[in-house]
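Number of protein chains: 2
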Amino acid sequence: MEYPSKVIESAVSELSKLPGIGKKTALRLALHLLRQPESDAELLGGAIISLRRDIRYCDSCGNISDDSMCQICSNPRRDPSQICVVEDCKDVIALENTNQFQGRYHVLGGLINPLMGIRPSSLNIDPLLQKTKEGEVKEIIFAFAANLEGDTTAFYISRKLQDYNLRISSIARGIPVGSDLEFTDEITLARSIMNRTLFSPTPENSH
Amino acid sequence: MEYPSKVIESAVSELSKLPGIGKKTALRLALHLLRQPESDAELLGGAIISLRRDIRYCDSCGNISDDSMCQICSNPRRDPSQICVVEDCKDVIALENTNQFQGRYHVLGGLINPLMGIRPSSLNIDPLLQKTKEGEVKEIIFAFAANLEGDTTAFYISRKLQDYNLRISSIARGIPVGSDLEFTDEITLARSIMNRTLFSPTPENSH
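First to last, the sequence lines map onto chains A and B. Residues 2 to 208, numbered by my numbering, are exactly what the first sequence covers, in order. Residues 2 to 208, numbered by my numbering, are exactly what the second sequence covers, in order.
Just to be clear, a hint being listed does not mean it is correct.
For chains that are exact copies, the list does not tell them apart, and a pair is met inside one copy or across any two.
Computed list of lysine-lysine pairs in DSBU-like fashion (alpha-carbon distance at most 30 Å, straight line) [claimed, not checked]:
(1) 161 - 139
(2) 7 - 132
(3) 91 - 24
(4) 24 - 161
(5) 7 - 161
(6) 91 - 18
(7) 161 - 91
(8) 91 - 134
(9) 18 - 132
(10) 161 - 134
(11) 132 - 24
(12) 134 - 7
Honestly, the hints are just simulated from the structure, not real lab data. Just so it is clear, the structure is predicted and the values come from calculations on it, not from any experiment.
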């Protein structure tokens, strides 16, 4: 595609590097920005530059934070003996929205993926092992995506932690609430039979 | 949704102002940017700011351009007696990709849409009328989207030009090449019968 101007071409080329945004969408976004006031483009451009330059991470859990300690780690009502290990900040937000977890988090910043060159040493795993050695932690909960990378990461960390007296668990895999059995894939269905739970007509967390 | 940091919150809020990008996608884009080198975020942010600040428009046709005259208007081989009127720069790119049109363009920068407050005076229509008065133009071709705004704009401009001795045409509406009749909506089908063309077994522009 030939663009009528170099500024359009460079904006399209940069925007289309974002995941899920192709050349056509990038051009549509660029033309949208041209129709907005100049201050809008400055706010967006500035926010993107500041995002990468001014971002800070919590010294304790590795989550994105405004201060050296995030709001969850610095909250004395959050139980430091339970650590939920997640891939990234999106997962913390999703789990916090459930209002079901009162412990703390540990954010790895990715999952082990040898094919993509992501090895344990490039993730925030050592500080988790260090925190666990210090003795306050009683339970580690893995809340990873149900795929090969998630399973590999859970396996790696659980091996590193096997000598400590810890309860190690993983969030339940099974049929999502509201789903039909016939539309669920075989692996999920197989896992949900294997890991069946005792039926209770009035479960504690029912809504 | 509560974000763990003000820089993330402001990036998500600005990104989600873009069309087709909601809060969840904006967060995914922001987290993607955090995983890239700082220079990538600076290039993207810079390109967006420069886009709105450094953009120039062709003095003759209103298309986006690097110079005061765009490459098409300054090309002596493009026929100045045929003017194809389009909504925006995306349409010029799409039509140029067909290699079928050797005239020039006129870019309105939008279509008349009273409900959205877009009136003829806020579009690049007067320079088109001016250009036509000067006498070189022999044919005006409307290449607008097949909707109410496109029809309104074509009607408005054709009324303004009715006193000049011009051929005024519109790109053909009909069944897209490769489409089945049964999946075409009734209005398109009705128009394609009304505006049927003489059948020629070896059409001029066949591929």
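Results for each hint:
1. 161 - 139: within (15 Å within a copy, 79 Å between copies)
2. 7 - 132: Cα proximity of residue 7 and residue 132: across copies only (27 Å, versus 51 Å in one copy).
3. 91 - 24: Both: 26 Å inside a chain and 11 Å across chains, each within 30 Å.
4. 24 - 161: So residue 24 and residue 161 fail the 30 Å test inside a copy (44 Å) and across (37 Å) alike.
5. 7 - 161: Close neither inside one copy (52 Å) nor across copies (35 Å); limit 30 Å.
6. 91 - 18: Close inside one copy (21 Å) and across copies (19 Å); limit 30 Å.
7. 161 - 91: within (25 Å within a copy, 55 Å between copies)
8. 91 - 134: within (27 Å within a copy, 59 Å between copies)
9. 18 - 132: Neither: 37 Å inside a chain and 40 Å across chains, both beyond 30 Å.
10. 161 - 134: within (11 Å within a copy, 81 Å between copies)
11. 132 - 24: neither (45 Å within a copy, 33 Å between copies)
12. 134 - 7: Result: close neither inside a copy nor across copies, 56 Å intra and 32 Å inter.
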